[in-house]
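Trainee: As given, the protein sequences belong to chains U and B, one line each in that order. If you read the first sequence in our numbering, its first letter stands for residue 51, the second for the next number, and so on. If you read the second sequence in our numbering, its first letter stands for residue 17, the second for the next number, and so on.
What the hints contain is simulated information worked out from the structure, not anything from laboratory work. For clarity, every value in this text was computed on a predicted model and none was experimentally measured. Cβ atoms here follow ideal geometry from the backbone N, Cα and C, with glycine treated the same way. Among the hints, erroneous ones may be present.
As the list claims (entries may be wrong) - Calculated Cβ distances over 12 Å to all of chain B for the following chain U residues:
1) Glu-55
2) His-62
3) Thr-115
4) Tyr-122
As the list claims (entries may be wrong) - Each pair of labels, with its calculated beta carbon distance range:
5) B:Thr-129 / U:Lys-92: 15 to 23 Å
6) B:Glu-68 / U:Ala-91: 24 to 32 Å
7) B:Ala-55 / U:Tyr-81: 46 to 54 Å
Stated by the list, open to error - If you only want the chain U side, here are some residues facing chain B, beta carbon under 8 Å, derived:
8) His-84
9) Ala-96
10) Tyr-126
11) Tyr-146
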Amino acid sequence: ILNVEQSPQSLHVQEGDSTNFTCSFPSSNFYALHWYRWETAKSPEALFVMTLNGDEKKKGRISATLNTKEGYSYLYIKGSQPEDSATYLCASSGTYKYIFGTGTRLKVLA
Amino acid sequence: ETGVTQTPRHLVMGMTNKKSLKCEQHLGHNAMYWYKQSAKKPLELMFVYSLEERVENNSVPSRFSPECPNSSHLFLHLHTLQPEDSALYLCASSQGPALSTDTQYFGPGTRLTVL
C-alpha cells in the first residue's frame with residue numbers, strides 16, 4: 051500500500067446501530083495514525099492519534115485501534131446517533147509526510 | 017472553535033484576478049499548512065511552514081504563492097488561476113515541528129470558485 055486508503059467510501063446506518071470503518075496505510079516510515087471527524091461546513095476535528103502497535107483509544111461512543119505491522123486502523127462507533135453524521139478522515143504521518151485518506155462519509159438515519 | 021480562522025469563507029474570482037486567502041491561528045503553534053480539497057480526492061498538502069520558514073513545497077504551480085509573515089499568520093496569494101483550481105482550501109497548524117506526529121488543527125476553509 052502506497053497511499054492511505056479508507057473504506058467504505060460512504061455508508062448509511064440506522065440510529066442505534068454500531069458501525070466501523072477501516073483505514074489502511076503504508077507500514078514503512080510510520081510514526082502516527084490520526085483520525086479526524088469532519089462535519090459539513092465545519093473544520094476537521096481531531097479525534098485520536100495513535101503511535102504504538104496495539105494502541106486503542108476511546109472517546110465516548112467512539113473508539114479506534116491500531117495495527118502497525120499490517121498497516122490498518124479501525125474506527126468504531128457504538129450506538130450511532132444522528133449527530134455522528136460526518137466524514138471521518140484518517141491520516142498517516144511519518145518523516146516529513148502527513149497523508150490523508152479520502153474519508154468515510156457516515157450518515158446516521160433517525 | 018479550533019482556534020484557526022480563515023477568511024474569506026467563500027471566494028469567486030475570474031482567471032485574471034489576483035486574490036489572497038488569509039489564515040490566522042491563535043494557538044501558539046509553530047507550524048502552519050495549506051491543503052487543497054478537491055471533490056472525491058484526499059486532502060492534498062500544498063505548503064508547509066515551520067517557524068515562518070517554508071519546509072515543503074509539493075510541486076504546486078507558481079500561480080499559488082504562500083507567505084508566512086509571522087508564526088500566527090499564513091497567506092495564500094492567487095493569480096491567473098484556472099477553473100480546475102476551484103476547490104476548498106484548508107489551513108492548519110500544529111505545535112511542531114512541521115509534519116511530525118502532532119495533531120493538526122484546521123480552519124473552516126475557503127471555498128474557491130474560479131470562473
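Trainee: It remains to establish, for every hint, whether it holds in the given structure.
Mentor: Checked hints:
Consistency note on Glu-55 of chain U: stated as away from chain B, yet its beta-carbon is not over 12 Å from all of that chain's, at 9 Å minimum. The beta carbon of His-62 of chain U is kept farther than 12 Å from every beta carbon of chain B, the shortest such distance being approximately 18 Å. Separation of Thr-115 of chain U from chain B is adequate, the least Cβ-Cβ distance of about 18 Å exceeding the 12 Å criterion. Against chain B, the non-interface label of Tyr-122 of chain U holds: every CB pair exceeds 12 Å, the least being about 17 Å.
At about 20 Å, the CB distance of Thr-129 of chain B to Lys-92 of chain U agrees with the hint of 15 to 23 Å. Range check, Glu-68 of chain B to Ala-91 of chain U: about 30 Å between beta-carbon atoms, so the 24 to 32 Å window is met. Distance hint check for Ala-55 of chain B and Tyr-81 of chain U: the Cβ-Cβ separation is about 29 Å, which falls outside the suggested range of 46 to 54 Å. About 6 Å separates the beta-carbon of His-84 of chain U from the nearest beta-carbon of chain B, less than 8 Å, and the hint is met.
Proximity of Ala-96 of chain U to chain B holds as hinted, the smallest CB-CB distance being about 4 Å (cut-off 8 Å). Evaluation of the Tyr-126 of chain U hint against chain B yields a violated restraint, the C-beta minimum of about 20 Å exceeding 8 Å. This hint holds: Tyr-146 of chain U has a C-beta 5 Å from the nearest C-beta of chain B, less than the 8 Å allowed.
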